[in-house]
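Residue numbers (the numbering used here), protein chains in the order written: chain A, 3 to 279; chain B, 199 to 443; chain C, 1038 to 1447.
It is possible that part of the hints are untrue.
[Stated by the list, open to error] BS3-like mimics (lysine-lysine), calculated; alpha carbons at most 27 angstroms apart, straight line:
1) A:Lys78 x A:Lys67
2) C:Lys1122 x A:Lys78
3) A:Lys177 x C:Lys1040
4) A:Lys36 x C:Lys1122
5) C:Lys1281 x A:Lys238
6) C:Lys1054 x A:Lys265
7) C:Lys1054 x A:Lys179
[As the list claims (entries may be wrong)] Listing some non-contacts, in silico: residues in chain A with all C-beta distances to chain C over 12 angstroms:
8) Val14
9) Ala25
10) Ala27
11) Gly273
[What the hints assert, rightly or not] One side of the interface only, derived from the structure: several residues of chain C facing chain A at Cβ under 10 angstroms:
12) Leu1042
13) Gln1044
14) Gly1046
15) Ala1050
16) Phe1052
17) Lys1054
18) Ser1056
19) Asn1085
20) Arg1089
21) Phe1160
22) Thr1170
23) Ile1185
24) Phe1227
25) Leu1344
26) Val1346
27) Glu1445
Treat the hints as calculated values from the structure; they're not laboratory data.
Where is the CB? At the ideal position from N, CA and C, for every residue including glycine.
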Amino acid sequence: MFPWVYGFHWTVYQVVFLGAFFAAAGVIAVTVSKAVIRMRKDFQSDRDDGILWHADFNDLPEAAKLCRHTFTGEAKKRICGNQFDCGSCDYHPTVVRSEGEIGSMPMYDKGILGAQLPQDRLYHRGHTWVRREEDGTYTIGLDDFIHRLIGNPDRIDLPAPGAHLHANGTGWIMKKKRSRLRVLAPIDCVVIAQGSIEKGWLLKVRTDEAPLRLGHLLRGEEIAPWIMHEAERLEKMFEMAHVGCTLADGGELMPDIDKLYPKVDWESVWGNMLLEG
Amino acid sequence: MVIDLDRCNGCGNCTMACAVENNITPAPNSRMNERNGVTWLRVFEVPNGGQYPESETVFIPMMCQQCAHETPCVTVCPQNAVELDPATGIVAQIPQRCLGCRYCMTACPYHARYFNWWDPEWPAGLEKQLNPDAAPRMRGVVEKCNFCHGRMHAAKAKAAASGSLEIAASDYIPACVESCPVEAIVFGDLNDPESKVSKLAHSEHTFRFLERLGTEPKVRFHSERSWVRAMAENSVGSGQEEQHG
Amino acid sequence: MDKALIQRGVRRASFAKFSVWMLPWFALFLFGLYAIYLCLAEGLNHTNMDNRFAFGLWIYLDLTVIALGAGAFFTGFLLYILRQKELGAVINSAVVLGLICYSGAVGILMVDVGQPLRSWFTFYHPNVHSMLTEVTYCLTCYLLVLLIEYVPIVLKNRQLRQVPRLLVFEFELHKLLPVLAGVGTFLSFFHQGSLGGLFGVLHGRPFAFREAFGIWPSTFFLFILSAAAAGPSFILLTTWLVQKITQKQLVKQGVLQYLGKISGYLLLLYVMVKSIDSLIWINKTAPAAGVSAYQFYGGGTFGSWILFVEIVALGLLPALLLVSQKVRENKVWLVLSAFMVCCGVMLNRFVMTIQTLSLPTLPFDERLSYTPSWEEAAAFLCVVAYGVLLYSFTFRYSVLFPQERELEKL
């Protein structure tokens, strides 16, 4: 096998054969080492959150990955191919619309399924909202739709002040019954203060980036159609769980809904809505 | 080596002498039979297919034919455990390197190779007759005739001791040759035109089995009976002849 | 009970039901292990192989499972190198099947050889002219590749992917899978071929011996082609079987048909090449060794019907069926054709091993027969049981069919 082993001869056949073998073995070894090295690098350069999001996004069913422009009718049933990163998307800039209009025009009094969707804030596809305060800081909270769906969590593990969050990375963990739910952070930021469900907000943050990337968040006329679509997604999940007639138009999500429909795989439903894998 | 088939009477002395000389494993139980036993040399009984009084039989001792050209077992062994010695022409098996994959056994058309399906075990007392010049093989390796290598080494040692490079023909006689009561097996240096084996090899009635396969075996057979030569011309049997071990 | 280990959004049987499924396979596995122990501890006399039938059931089955497991490399090649995205639906299953087939084959080989502890000799003192050396090297490397490709599948387990290091490692490894798929294709090309070459170079056995192209006999190329044709069919068959057993739809409609189409066209090509090769063999190669085709097939159990069945009934027929879209759209005929393709390849491997050895070589030989012993059958069933256990385990706790979640309906 090696030149110093008895029986080795420098013939064409031996050289070609063993050369091919060592080459193949070498390629395999290099590939695995590369993967390990790149893994180390990813952690050092803090890319691991992005990778988790990438993996989770891939595993989502198509219905959860609709492009925001489908909601407002600019596109017909387009699946997002960019992990909701509208800032780097090729398609997003081609859609001509007014950016960043945060007005306060309540369009739906009763909300959708009883959920209130104030228009003074931006919404993340993972059902959190972001609101800019006068002092330049931002407030982050859980939107009413998902709050009504999950109810009050048994426990929330918020990041400590000083913690860095990445957009689409882990925001905080909520525990409900036996389910562990991971809520996505809407923006890149640093935590200043922790809130609570009762206070109506969960995190106060500041951002190091200027200008802060908010382009991927939903606003204005997008919000209502998006929540309508989320309601449809929810209804589909209930259909598959055979819970009978639900989500009638004009109705409200009842409190403690998980107790009312114990047969439903709630962990799956909540995880799906929170865009978890 | 040339085997005179007209002399061989099928006594089987050669097979026994070979087994004794080379420490061949005995049968451990009744499950060992002619298909899985080890017989470096075995004698086949081949009838001419005729009815009395035309019925005739030839006895054919078969061992490793020491193929010279593209030796099938040498080319296929995955770890070079078979070597063709260019000086002597003997195809030697290295049992310590043999993996026991048995690829050489499928390659050999002469059925000259045998696998140790059992652990070699000699009944109590029989180990006293073991030949110290021949290493026994372990379970799971292939073995075959090597023209009594132990005797060749002894002959070489004797020649070296007396200061000559060539071994004397009378010093190197394989066990089968020695034991044949009718001297049917002739052994010697094929390259020496004066030797008995060389003269017999060039006789017009001498042939080799499976000539058309191109293996160039060094073991030749001699018979003046034309039906025997005609039978050997066939490359493959029609599957009707009997065979005995 | 083990819900936390099962991926979200899919349904699996209860743990009790799963145990009831696994237990008999585990028992079979243990029983087979006992047979293997006997062979290793007391010798290969526990098999019915002998000095004339030096290769028996195990070598035959090794060749078969490696031919069927070719689906792993071929699907990888089509998906990662030729970018046929539909096959993403079955690649994980194909990799697991490949792993089972190759690890099972190597396991059985370790029992089949007389001195398994000497296996490293082939690496240390290789005979580069021997086909078996080539097989050994390639099989070992390829098994390593399959093991590495199996790691991302394991890391897809719900609990494991929550460990950041493992998730990121899986992500980076996944990006490099095309490289591994390329290496796998290169290795597979050679070992599938060399397995055919094993018999094609035996000039002492005119039944198996074939003309050479360069250093390789025609059986080298025939084996590659037949393996490439059988691989997709085997994946089609197993996917259908798993869907039947689990009562779920695991892949989108067109995937199975696509697999059948690939199989059909490749098989058609194979049948053409095989027919030409057989004609050359019957008219030129075998007569040169002094044997006529009649002597191979006349009398005995294996008549010329076997050649007909191999090339026409289980070769041309399923090929023609699979290239027809109408047939592929009919589920019954699609699965049946795939089954025929697999049977055809199994028959071809049988002919090259068992039939080759049964034929006489010396003028005074007789034709022989061989029946495997219970230990041989048990050892093989051990591998089958191991395969079912591994596949079931991976199916339950990992993600074998990425499209399952989308297709989930009650």
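Looking at the structure, which of the earlier hints fail to hold?
-> 8, 9, 10, 11, 12, 15, 16, 17, 18, 19, 20, 25 and 26
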